[in-house]
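Once you have looked at the hints, place chain C on chain L.
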Amino acid sequence: MLPDYIVLKKEINGVLTLFMRKRFKFYCTGIQDIPKEQLFEGTGMKIQRASGDVDESTFFKDSIEFSIPYEEVPSLSLNSLLQKVDRAAKEMADKVQKRFYLKINEDLDRLGRTVNHKGKPFTAETILEALDSIQIEFRPDGKHNDLQIHIAPQLEEAVKKAFYDLETDPGLKKRHTELMIQKREDWRVREASRRLVG
Amino acid sequence: MLERLLEGWLDSASERSYQGPFCQVLSAKGYKILHSTRHCALEYGKDIIAIGPDGMPCAFQLKGNPGARLSLTGFREIQSQLVQLVSQPIIYPGLRISEHRSFLVTNGLVEEEVHRALDDLNRGWAEQGAIGYPVELISRGQLLADVQEYGASLWPSELEDVNKLLNLLVKDGKEHYPFDLASEVLKDVLLLEDDVAIKVSSNEIGRRITSAALLATITLRNFYRERNYYSIICGWCMYAAHVIACIERHVKSYNKNAKAAIEIAMASIYAALSDLCDEIKERRHLVEGDPLTDAVSYRGRYTLIIALMSCYWFWGNESGFLKDGQDAFLTKFIPRDFVHHYLWGEGAVPQILVYIWYLRATEAGIRPDLLLGALLRQIIGANTQKNNNGLSSPYYGFEDEIRHLMREFLGVKEDPYQDTKFQNSSYFAKPLLYLLVRTNLKQTAKSIWPSYSKMLHKHFVPDSKWMYCLYRSVKGKNVDDQPLLTKEWRELQQEARECRCPEVPAPLADNKFLLLLFSIIFPFRAIPSVVSKLDRYFNGSWFIHEPPIER
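Line by line, the protein sequences are chains L and C.
Positions 25 to 222 (our numbering) are the ones given, in order, by the first sequence.
Positions 304 to 854 (our numbering) are the ones given, in order, by the second sequence.
Chain L extracted, bound-state conformation:
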């Protein structure tokens, strides 16, 4: 057997894994800000909601493969190796995000929380309708918590225009303001009802 430099290679492997994880995070643009949690055992999760609903989900295993042919090894520079790992991280991020959005869509459909516009264009009305359908949390200073809108890339221009309309069209702006006042009131009532009674 030829010398393997096993300790050194293990060290490099550790750094490569870390590099891959960081690049994966970088490419997960859509789900980067979603709170994450490491789970150490089991096969899935179960959420028992206050409403009595129970949501169950199982873990999925996602993986990607990439290969380095033997003949490539002698001339493989660190830069090229990192590029390969980077590509793999991107591929993995795409896979995970795709699964995430599919799962979200599936759950929202199941719970009847989907607004289907049946091919109609994305407008300010769509935003108002979406805001109306969700629960919004507010901070003590009266401002709402950060909201995110996740869209397909081809919708970018339409969404920009919809937000522009919402800010500039007096009628739409008024409806938006009234909706947010209503949402703040809903939140206030909700918070006031957090009580242990009796």
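Think of the hints as simulated: they come from the structure by calculation, not from any bench.
Ideal Cβ positions, reconstructed from N, Cα and C, are used throughout, including at glycine.
It cannot be assumed that every hint is accurate.
Interface residues of chain L toward chain C, partial, derived using beta-carbon atoms under 7 angstroms [what the hints assert, rightly or not]:
#1 L42
#2 K60
#3 Q62
#4 M69
#5 A216
#6 V221
In silico PhoX-like links for lysine-lysine, alpha-carbon gap of 20 angstroms or less [said to hold, decoys possible]:
#7 K757(C) / K167(L)
#8 K780(C) / K60(L)
#9 K778(C) / K49(L)
#10 K70(L) / K768(C)
#11 K60(L) / K689(C)
#12 K60(L) / K724(C)
#13 K85(L) / K778(C)
#14 K780(C) / K85(L)
#15 K716(C) / K46(L)
#16 K70(L) / K780(C)
#17 K185(L) / K144(L)
Below, chain C alone, put in the same frame as chain L:
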């Protein structure tokens, strides 16, 4: 190779560290162990008292001669103990005074002169009609044959598993007991792997329980050598829990197949707690190892030690086995307030809880209940505050927290928490709220509720009961419980009355000290029903009008 491992262990084992495995072998041979606890006020003049398979009482005197010979000089030094062994009857509650068999046990070789001297003594005792005549000798050869027969023959033999075992054996005895590796090898011996058929005879299970005990002993060798009592406790707790998992999984009688082995393991745990108490008593300070860096770990260790000593205080008082001076020492040593405790994460909660129970047991008045309220407030406060990472979940240990806090200073490549936010969730807020409800501190509970109701309350439910006893359960669900916005106090009281814990196998749920230590060692197993049960065991007060639901 496994035989060589056993030989190596036997040749380095002190008297104290081979007593437990020797008892396990005796038990496997059909002896009923009545007494094997050392270091206690009630010494019966014999290290081990047992009833033989033939019904004859037996007394064993153990000597440690690791890697050496019992010489004539050494033999003369212990001769007075042998006189006691052979001439004084076995005095043990419930055992009538009668003839008994006496054994001198050594893990060393025995010189020829000693055999001769023992023969002479036995002849003398025969003429005197001594009650325990003659003294029989069990030496290294016999011990080795026994531990090989009951141990190594069932140990993992696949290369990968042998590697795990070897990795365990080279662990630094000053470190934490390696739960992951130990669990892997125990699961293998106790047939707890998923792919193992469950049609196994009771005899086979019994043999495997003894074999696993010997395996646990070997893995604890370095920890015994360093007198790392906490790791010794972890090792035996882990063994006991895995044995219960085995019994539960293979649907065997606990009393017939595992009770004796677990009682021996519990005796080893008790002895380790007693030794730890003695060590603390002798020390002038609790700094461990290099003082330059110990400031980082001091408060975490302190919190753990107070928990272990609180547990020992309960156990010693209940069994009446606290050694002379230990009770008074513990009363002085265990503090009356939280000042030096460190709530480094939710993993520390069971440690602080047992301390609160100790306070509850030793002082009248409302103060311990207020401390419970303060602990709950602290958890909820830390985990609902904006821009705060929150207290780590009980799946993370003290070392993870320190690595996280000092990650930049240490140049740690990857934060152990890996971007996990613990905000708005908790594993212990729910069980602690139930305990608070039992104290009837209604106003405190009311003031906590608005923040409490914003959190997700987490625990893990394994698919089968036996999986609860494992370090990690492959099958099961991570449950998030979302409370109602408005709740009736009365309804909360009804929930707080619940003291059964259906998720836990009965032999573990019924063994209060094992369950308590298991919860301290594996805090993620201190699920709400277990905390409720432990509270009933260790907290005598109850302020709900209706009685607890225990059956």
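Against the structure, the hints come out as follows:
no.	hint	verdict
1	L42	holds, 6 angstroms
2	K60	holds, 5 angstroms
3	Q62	holds, 6 angstroms
4	M69	holds, 5 angstroms
5	A216	violated, 9 angstroms
6	V221	holds, 6 angstroms
7	K757(C) / K167(L)	holds, 18 angstroms
8	K780(C) / K60(L)	holds, 17 angstroms
9	K778(C) / K49(L)	violated, 28 angstroms
10	K70(L) / K768(C)	holds, 18 angstroms
11	K60(L) / K689(C)	holds, 16 angstroms
12	K60(L) / K724(C)	holds, 7 angstroms
13	K85(L) / K778(C)	holds, 15 angstroms
14	K780(C) / K85(L)	holds, 16 angstroms
15	K716(C) / K46(L)	holds, 11 angstroms
16	K70(L) / K780(C)	holds, 6 angstroms
17	K185(L) / K144(L)	holds, 15 angstroms
The structure fails hints 5 and 9 (numbered hints given earlier, in ascending order).
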